[in-house]
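Chain by chain, the residues:
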Amino acid sequence: MPRRDDLTTILVIGSGPIVIGQACEFDYSGTQACRVLRDDGYRVVLVNSNPATIMTDPDFADRTYIEPLTPEVLARIIERERPDAVLPTLGGQTGLNLAMALYEQGLIGRPGTPEMIGADAEAIATAEDRERFKEAMVEIGLDVPRSGIAHDVATAVAVADDVGLPVIIRPAYILGGRGTGIAVTTDEVVRLAAIGLAASPIGEILVEESIAGWKEFELEVMRDRADNCVVVCSIENVDPMGVHTGDSITVAPAQTLTDVEYQQMRDDAFACIRRVGVETGGSNVQFALDPVTGRQVIIEMNPRVSRSSALASKATGFPIAKIAARLAVGYTLDEIQNDVTGVTPACFEPTIDYVVTKVPRWAFEKLPGTSGVLGTQMQSVGEVMAIGRTFPESLQKALRSLEQGRAGLNCDAAERQLAARVTDELLVAVATPTPDRIFQLGELLRRGVTVDDLNAACRIDAWFLDQLLAIVEERGALEEHSGPDELATREWRRAKRLGFSDVQLAHLWSVSEVAVRTARQACGVEPTYKTVDTCAPSSPPRRRTTTRRGRTRARSVRRTARASSFSARAPTASARASSSTTAASTPASPCARPASRRS
Amino acid sequence: MSDPKRSELLVATGPNQPVATSRMRRADGILVLADGTLFEGELIGASTAAAGEVVFNTAMTGYQEILSDPSYAGQIITFTTPHIGNYGVNLADFEARRLFCRGVVVRELARRPSSRRSTGDLDSLLRRYDVPGITGVDTRRLTRLIRETGAIPGAIGPADDVARITAAAADEPGTDGIDLVSTVTTAEPYTVGGDGPFRVVAYDFGIKRTILRHLAELGVVEVVPASTPAADVVARRPDGVFLSNGPGDPALLPGPVAAIQELLGTGIPVFGICLGHQLLGRALGGDTVKLAFGHHGANHPVKDLTTGAIEITSQNHNFAVAVGSIAGVADLTHVNLNDGVCEGLAARDANAFGVQHHPEAGPGPHDSRYLFHRFLARMTSAGGRSAVTVGGSMSGDEPVGLPVPERGVG
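Chains as they are written, first to last, in our numbering: chain A, 1 to 599; chain B, 1 to 410.
It is possible that some hints are incorrect.
Below are the SDA-like pairs computed for lysine to any residue, each with C-alpha atoms no more than 25 Å apart in a straight line [said to hold, decoys possible]:
| # | chain 1 | residue 1 | chain 2 | residue 2 |
| --- | --- | --- | --- | --- |
| 1 | B | 290 | A | 540 |
| 2 | B | 290 | A | 188 |
| 3 | B | 290 | A | 345 |
| 4 | B | 290 | B | 164 |
| 5 | B | 290 | A | 343 |
| 6 | B | 290 | B | 304 |
Label pairs and their computed distance ranges (CB to CB) [unchecked claim]:
| # | chain 1 | residue 1 | chain 2 | residue 2 | range |
| --- | --- | --- | --- | --- | --- |
| 7 | B | 159 | A | 448 | 28 to 34 Å |
| 8 | A | 515 | B | 340 | 53 to 59 Å |
| 9 | A | 540 | B | 27 | 33 to 39 Å |
| 10 | A | 540 | B | 35 | 17 to 23 Å |
| 11 | B | 159 | A | 540 | 42 to 48 Å |
| 12 | A | 480 | B | 27 | 17 to 23 Å |
| 13 | B | 26 | A | 371 | 24 to 30 Å |
| 14 | B | 331 | A | 452 | 55 to 61 Å |
| 15 | B | 158 | A | 450 | 28 to 34 Å |
| 16 | A | 476 | B | 47 | 53 to 59 Å |
| 17 | A | 75 | B | 195 | 56 to 62 Å |
Not close to chain B: a few residues of chain A, all C-beta gaps over 12 Å, as computed [as the list claims (entries may be wrong)]:
| # | residue |
| --- | --- |
| 18 | 19 |
| 19 | 131 |
| 20 | 164 |
| 21 | 173 |
| 22 | 184 |
| 23 | 194 |
| 24 | 266 |
| 25 | 300 |
| 26 | 419 |
| 27 | 436 |
| 28 | 494 |
Calculated directly from the structure, the hints in this document are not laboratory data. We put the CB at the ideal spot given by N, CA and C, even for glycine.
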C-alpha cells in the first residue's frame, strides 16, 4: 500500500517538559517522525512547549508552535492550521492524553475533523483504561492478573478482599506509574487507594492481584495497515515484577525464555495489538511470568512509541519511531527499507548477537526526604545503555557509564562501603529493590552466599545471579595475581570478556592504569568494535551505527553505532573485523541526538 | 509419556544445577576451517574431535530444537546468539530421537541453566549424544567469514592437536555430494495417532517432531522411510502425502524424486516442507541450487503471493528451488523478501504444493501455521475419506512422544 495522498498537513504533538517518566526519548521519537514525514512531502505542524528539544529546531517542521500543551491551545492551532491528521503516538503519554481530550471535545477523530493516525480514540481508550484493557484481553483468551476497579476507597477494600492481599493499586490514565503502590495490609489499601484516586484524572483505580516477584518481559511490536506484525525486540527485566520498568535493570534480548514460552508471548502480543486496534505503528506489550508455575499474564500495553522503543531502536538498529511515522501515513512494512542493510525490507525481526543492558540512573542525593526504595512508581531520572557480547560485559560497562563513581560491579574504591556491613543485614537488604541492590548482590556472592539463597531473597532469576557470580569469581581469580605482568593472553581475554576495565584492574592490583594498559597491550589484547547490524551479521551492513565504549557522554555518540569489546588479535583476523559494544549514556539530562546518517 | 525410550532423553544432572564455575577450567579447544582459519575456545560436550560443514543459525531462542533437528546432519552449528544453554534442556523440546549435528560452536555456554521447564543442562546433553562443541569462540568473526565465503567444512578438537584438526578440516567433504538422508530417516514405518479424520503418509527424510504434532492434528500419520516406493504409499490409501524436511542436497535423491513423480499422477494431495519442497520442485521438473550460506534463522520475511500477507518464518536450508526452473509447471506462491529466493510453489497440473520455510516453527514464529490448514483443505476437497480409525497406536523404533501437552498446536 503506498503513501496516503489524501493527507497534506499533519499535526505532531510533542511531549512537553522533561519530567521523571517522560524525558528525551520522546524528543527522539518526535524528531524522527517530523523528519520522515517531511521527507515524504507532508506539511508538518509541530506543537511542543519545550524549547530544549531537537524537534523544535526550525528545520524539523514546516510550522512549529512553542505553546502550552493544553486542549485549548491545540484547538486554536487546529483551527488555524487545519491539519488533515493528528499523530498523537510519538509524544509519550502527554500526546495521547491531549489527543483524547481533543477527541472528547469533538475536535479530532470525528467526521469533518482531523483524523487520528497511528492510533484512534477507541484504541487509545482500550489500552489506557485498565478495566477495558483487561476485559479486551480476557475476551481474546489471554490471562490477566485478577482485579477489580474502584471509584472510592470502600470499593477498593472490598476488591482487595476478593482477589487477596497483597494487591497493587494503579490509577487510570497516569504517567510513569504515578500514584501506584503495593498494599500488603487493609490499612495500606485504604491509604494507597486514596492516593491513587487523587492521582487519576478520572478518579479511578484498579485494585489488582500482586504478581510481585514474577519475571517481567516486554515486547516491542510493530503493525502496518495490511496487518503485518513484527517483534522488534524482546526485553527482560532483571528486577522482578514490583519495580517499574523504568527503574529496572533490563536486558535485550530476553535471556531466560525457551522458544515455546517466547513464541507464546509473541502470539499474545500480536493478538493484543490487533484487539486493542492499533492499526499502524509501534506498541509496547508487557508480560509477567510466574517462574514456579509458568503462568503467563499480560500486564499492559502502550499504544504508542515508548521509553522502551528508544532502547529497542538503539539496541537493534530498527528505528521504531521513524518507521511508525511512515506506517501511520499508509506505507506497509515491506515497502520500507532496512536502513542498516540498505537492501532488505523493514518487514523483518532484528536478530542480535550481543546483549544490551540498560541501567537506570537515579538522583536520590538531590531529593532529600526520598526513601531510595524502588517501587511501581518510576523514580529514575535517566538511564544508560551498554552493549556487550555477553551480559556480564554489558552490565559492567553500563555500571561504569552511570558516572556515579563506580568502575563496574566491583574492583573500585566505592566497594569498600559495603564491606563494613554484616552478611545477614545485606541478605535482608537485597529483598528490597534499591539502586544499590546490584552491588549488594555482588558483595554477598563474594562472601560465598549461594545463588539459590540470593534467588530466594530477591527473586532475581538464578541465571542473572550466576552471571554476577561469574564476574565475582573472575575478580577472585585476578586477585590471585600480584600484578598485570603475570597475566597471560588467555587470562586478559577472559577478564575483558567479563567486562573488567583497566581502571578496575589497576584498583585491584594497586597499580596505575597505564601499567595495566601497557601489560595488556604487550599481550596483544586490544578493544575491537562491532556494528549494530540488525541481523547478527547475516547481511553486510551499509550504514553503520556504532558506539564507542566511552566513559563520558560527550564521546558516546558517534556517527556510527558500535561498541567495543576486547579480544586478542587472532593471527588470521580479518582486517575489517571492526566490531564493538556500546555505552551510550544519557544520564539525567535530555537528548541523545539521533544517530546521524552516514552515506 | 509411557514410552520407556523417552527417558533416554533425560539428562542426568537434574534441573537448574550449577554445572561450571570459572575455577573449573575446561580444556583448550580449537575450531579450524578448511581454509586454515583457526578459532580458539574451550571444549564442551563430548570429548571427541569432529568435522562437518560449519553453518550459522541466527535464532535467538530454541537452541535445543535446532540441535535436535535432523536437517543439521553433517553440520557444525554456530549459534550467533552469544548466551546458549540459559534455560537448560527438557523433554518436550526435542525435535528428534537424538542429535544428528556433528558439533556446536557458541560464544558463551551457560554455567547454570535456569527454567522451570529444564530437566538437564546442555553440556550433559551434548556428551550424552556424543556431540563435541566449543565455547568462547568469536562467533561474530566466524559468522562474517561464513557470510563471505559460504558454508565451509571445519573441525573441532583439542588445542594441542592443531595438525590433526587442521587435516580433519581439510579432509572434510562438507555436505556437497553426500547422502545424509539415509543417516537420519526411520528404518521402519511407524504410526502416530491423531484426532482428525485423515490418513497422511509422511516421508521421513529427517522429519521434525513439531511437524508430526501438526500433522497428527489432521489425522493418523503413517511415517515411512525415505526409500519407500510410491506403490507402497498408495497401498496405504492415504488422503494426503507429506514430504518432510531433511538434510543435504536434493539432487542426490533420485529415488524419492521418482516416487514423488509417480504420486503426483495419482491425484493424492502432496505437501512438502524444506527438503520435501525441493524434492517436489525437482519432481515437477525444476532445478535446485545451493545458496551461498543458506538461510538459518527465525526472522526471515516471506510474502505469500496468493494473499499479499507477510509472515516471519523459521528457516533452515542450504539449497533452494531455482525460481525460473519451475515456470510453466508450477506457480511461485511464496518469496523471501530479503533475497527473492523461492519459498513456496504450487503445481499447476498436479495436486501438490510446498514451502521452503518451516510453518511448524520449532523453533520460530507461528505465522505460517495456516499452511497445514491449506493441506487439510486440499485433502478435504480431494474427497478424503469420511471415516478413519482415529487414535492409531505408536509403533516402530521412534519414541515420537505424542502428544506433548506443553506444546500447544494452533
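Which of the listed hints are broken here? 2, 4, 11, 13, 16, 24 and 28
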